[in-house]
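S.K.: Protein chains in written order, with our numbering: chain A, 1 to 160; chain B, 161 to 581.
These are computed hints drawn from the structure, not numbers from a lab. Don't be surprised by glycine CBs; every beta carbon is placed ideally from N, CA and C. Check before you lean on any hint, since a few could be wrong.
Derived CB-CB ranges, DEER-like [as the list claims (entries may be wrong)]: (1) A:Val46 - B:Val257: 51 to 59 Å; (2) A:Thr124 - B:Gly182: 17 to 25 Å; (3) A:Ala114 - B:Gly483: 38 to 46 Å; (4) A:Pro11 - B:Ala532: 22 to 30 Å; (5) A:Ala151 - B:Lys448: 53 to 61 Å; (6) A:Ala35 - B:Thr420: 45 to 53 Å; (7) A:Gly152 - B:Asp244: 50 to 58 Å; (8) B:Ile233 - A:Ala35: 43 to 51 Å; (9) B:Lys208 - A:Val46: 21 to 29 Å; (10) B:Gly182 - A:Ala151: 43 to 51 Å.
The chain contents come next:
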Amino acid sequence: MQANGFVHKYPDNVDTDVIIPARYLNTPDAKELAAHCMEDIDPDFVKKVQPGDIMVGGANFGCGSSREHAPLAIKTAGVSCVIAATFARIFYRNAINIGLPILECPAASEAIRAGDKVHVDFDTGVITDETTGQTFQAQPFPPFIQEIIKAGGLMNSIKQ
Amino acid sequence: MGMTMTQKILAVHAGLDKVEAGQLISARLDEVLGNDITTPVAINEFNKAGFTSVFDKTRINIVLDHFVPNKDIKAAQQSKQCRDFANKYDILNFYDVGQMGIEHALLPEKGIVTAGDCIIGADSHTCTYGAVGAFSTGVGSTDMAAGMATGKCWFKVPAAIRFVLKGQLQPPVSGKDLILHIIGRIGVDGALYKSMEFTGPGVASLTMDDRLCICNMAIEAGAKNGIFPVDEVTIQYLTGRSQRPWTVYEADEDAEYEQTIEIDLSALEPTVAWPHLPENTKPAADGKDVKIDQVVIGSCTNGRLEDMEAAWKVLKGKHIAPGVRAIIIPATMAIYKECILRGWTTDFIDAGCVVSTPTCGPCLGGYMGILAQGERCISTTNRNFVGRMGHVESEVYLASPATAAASALTGYITDPRTIAE
Numbered sequence: 001m002q003a004n005g006f007v008h009k010y011p012d013n014v015d016t017d018v019i020i021p022a023r024y025l026n027t028p029d030a031k032e033l034a035a036h037c038m039e040d041i042d043p044d045f046v047k048k049v050q051p052g053d054i055m056v057g058g059a060n061f062g063c064g065s066s067r068e069h070a071p072l073a074i075k076t077a078g079v080s081c082v083i084a085a086t087f088a089r090i091f092y093r094n095a096i097n098i099g100l101p102i103l104e105c106p107a108a109s110e111a112i113r114a115g116d117k118v119h120v121d122f123d124t125g126v127i128t129d130e131t132t133g134q135t136f137q138a139q140p141f142p143p144f145i146q147e148i149i150k151a152g153g154l155m156n157s158i159k160q
Numbered sequence: 161m162g163m164t165m166t167q168k169i170l171a172v173h174a175g176l177d178k179v180e181a182g183q184l185i186s187a188r189l190d191e192v193l194g195n196d197i198t199t200p201v202a203i204n205e206f207n208k209a210g211f212t213s214v215f216d217k218t219r220i221n222i223v224l225d226h227f228v229p230n231k232d233i234k235a236a237q238q239s240k241q242c243r244d245f246a247n248k249y250d251i252l253n254f255y256d257v258g259q260m261g262i263e264h265a266l267l268p269e270k271g272i273v274t275a276g277d278c279i280i281g282a283d284s285h286t287c288t289y290g291a292v293g294a295f296s297t298g299v300g301s302t303d304m305a306a307g308m309a310t311g312k313c314w315f316k317v318p319a320a321i322r323f324v325l326k327g328q329l330q331p332p333v334s335g336k337d338l339i340l341h342i343i344g345r346i347g348v349d350g351a352l353y354k355s356m357e358f359t360g361p362g363v364a365s366l367t368m369d370d371r372l373c374i375c376n377m378a379i380e381a382g383a384k385n386g387i388f389p390v391d392e393v394t395i396q397y398l399t400g401r402s403q404r405p406w407t408v409y410e411a412d413e414d415a416e417y418e419q420t421i422e423i424d425l426s427a428l429e430p431t432v433a434w435p436h437l438p439e440n441t442k443p444a445a446d447g448k449d450v451k452i453d454q455v456v457i458g459s460c461t462n463g464r465l466e467d468m469e470a471a472w473k474v475l476k477g478k479h480i481a482p483g484v485r486a487i488i489i490p491a492t493m494a495i496y497k498e499c500i501l502r503g504w505t506t507d508f509i510d511a512g513c514v515v516s517t518p519t520c521g522p523c524l525g526g527y528m529g530i531l532a533q534g535e536r537c538i539s540t541t542n543r544n545f546v547g548r549m550g551h552v553e554s555e556v557y558l559a560s561p562a563t564a565a566a567s568a569l570t571g572y573i574t575d576p577r578t579i580a581e
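Please put together the full structure from these sequences, using the hints given.
M.R.: Written out as C-alpha cells, the structure is:
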C-alpha cells in the first residue's frame, strides 16, 4: 500500500475539537463532518485539500475527545495518511479501527514542510519527501495491528 | 518483575497469568458505554458489519447526556437512533431524559461500575472509573460497536507512572487542583499511552468525589487510564451501591513504574489552567486581573454533590458580580434533586446563578452557555482548547468549583481562600 500527496502541516497537540468542532457533532454523516474538518485551526483546509494529500502533525496529534468523527472527517476529506511525532492514544486506535493510515515518525514530523510532495510506503514504513529528497523510516505496526489494517478496519477484522 | 494494578486487571480479563507493558491483548469487557454523540456512529458500524445481537444486554450502557434535552433537530435524530437501538436490543442501562445524568457521574452513582472491572466507553473521560479500582478507558465508536457485538476489546498493555501522594489537601483545595497541578507538571502528553497509578498515604484522605475528578482528567495528560487502590473509602462507597460483586487487585511490590512522582497534598494551592491547554497551570491568585464573563460549574469532572457543596459554601448569601453569567449544572438527576432538598438550588438562584438539569452542553461548546468572540469563562470542566466552548477567539480557564464560584463573586479569577465565609 502506498500514499502520495501534498502535505498539510500542523503543530503539536492538535486536538479533536479543532479537527471537528463539537457544534458539528449533531450528525454522524461523514461527508457533513468532512466539510468542517480542521475549520477552527485551518479554515481553508477543506478548500485546499486534494484527494491523496498527507497530513503531518507534531506530538500528541488528536488529543482530547474520543470522537471518531475526527479521523472520519480527515479520511473523508481525502487525506491518505497522517504522519505525526506521536498520536494521542484514542485517535491512534480510532484511525486503525476505521482504516485511516497513520505513521509515527518524529524525524519526518520535524523535517517535512507544508506543501512538500511526500510518498509513503506502508509495507516498509519508508517516508520520502520528494520535494527535498529526504527519506525517513517510521516504526512498522505490530502484526496484530497490521491484521486489522489489512482487513480494512476493526469490524471487518472481527467478522473474519 | 511484578505487575501494576492496571496490568493485573488486564491479565485476568485477557485470561493470562501475566502481561507486560507493550503487549497486545484481547480482553473481556465487564461494561461497554456510549453517549448520544458516539453511539449513533457505533450503531451504524454495528449494523454495517451485519451484527444482529449484542453480547450481553445487561452490560451495555447508553446514556443520552451531551445534547439533551435535545438542542436541535439533528441532535434529536441522534437521540432517537440511540433510543430505537436500545429498545430493539432491550438494553438494560439506557438512560433517557428524566433518568439520565452525565455518564461518568451516573455510572458510579448507580453502582454499574465496580472494583476490578475492565470497562470501555466511547467517551474519552471513561477513565473516571479508575477511582473505584477499575481499569477503564475511553475508546472510539468502532471499538464500542465491536465491544457491543463481542464483549471484547484489544489493548496495548500500558506502562505506568506512579504518583505517591503524601499529606492532606487543605480545603478549599480539592482533587481538581491536584489533577490540574499534575497535568501542569507532566504536560498534556506526559502520561501518553500510560496508566497513572495513584498510591501513598495521602490517598486515604481523598474522598470518592475527589478520586473520580482526578481519574476523570487522566486523559488530559494523555493517559490510557488513572487508577486508585481499593481502600476503606472505596469499600464504603461500593457497599450497598455496587450492582455486582467486586474484586480487589493490588499492585505487586516489585511492579515496574517508568517514573515515580511524589506529591505533597498539603502544599497544593487553588490552581487554574490558562487557555488553550490544560497544562498551562498557574496559582489562581495569579488571575486577579483576568476579567471573566461566564462561570460554568458542572460536568463529568466537577458536577458531583461535593462540587455543588463547594460552590454553595462560597455563593450562599452572596451575589455574583454584575455582568457575570453563572451556570450551575448538577451532573445527575439524583444530585439535582439533592441540591433542591438541601436548599442549595434556592441559594444559587438568589446568588444570581442559573441552575440547569444535567447535560454536558457547555463543556464541549454544544449549547447552554456558548461563548461569543473575545469572551472568557472560568469553568470546572476539563478542556480549554481553542474554540472548546464557542467562538475560536473565546477563552476557557479550568478551575475547581470553589475557585469558579469565588471568581463569579468578584468577576475576576479569584483564589477562593480570599473570600470570607
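S.K.: Please go over all the hints and tell whether each is borne out by the structure.
M.R.: How the hints compare with the structure:
1. With their beta carbons about 34 Å apart, A:Val46 and B:Val257 fall outside the hinted range of 51 to 59 Å.
2. Take A:Thr124 and B:Gly182: their Cβ atoms lie about 22 Å apart, and the range 17 to 25 Å holds.
3. Taking the beta carbon of each, A:Ala114 and B:Gly483 are about 42 Å apart, inside 38 to 46 Å as hinted.
4. Checked against the given bound of 22 to 30 Å, the beta carbons of A:Pro11 and B:Ala532, roughly 26 Å apart, stay inside it.
5. Between A:Ala151 and B:Lys448, the C-beta spacing of about 57 Å keeps the proposed range 53 to 61 Å intact.
6. At roughly 47 Å, the beta-carbon separation of A:Ala35 and B:Thr420 lies within the given 45 to 53 Å, and the hint holds.
7. For the pair A:Gly152 and B:Asp244, the supplied restraint of 50 to 58 Å is violated, since their beta-carbon distance comes to about 28 Å.
8. In this structure, B:Ile233 and A:Ala35 break the distance hint of 43 to 51 Å, their C-beta atoms being roughly 18 Å apart.
9. The hinted range of 21 to 29 Å is satisfied by B:Lys208 and A:Val46, whose Cβ atoms lie roughly 25 Å apart.
10. Against the hinted window of 43 to 51 Å, the Cβ-Cβ separation of B:Gly182 and A:Ala151 comes to about 23 Å, which falls outside the hint.
In the structure shown, a violation is registered for the earlier hints numbered 1, 7, 8 and 10, in ascending order.
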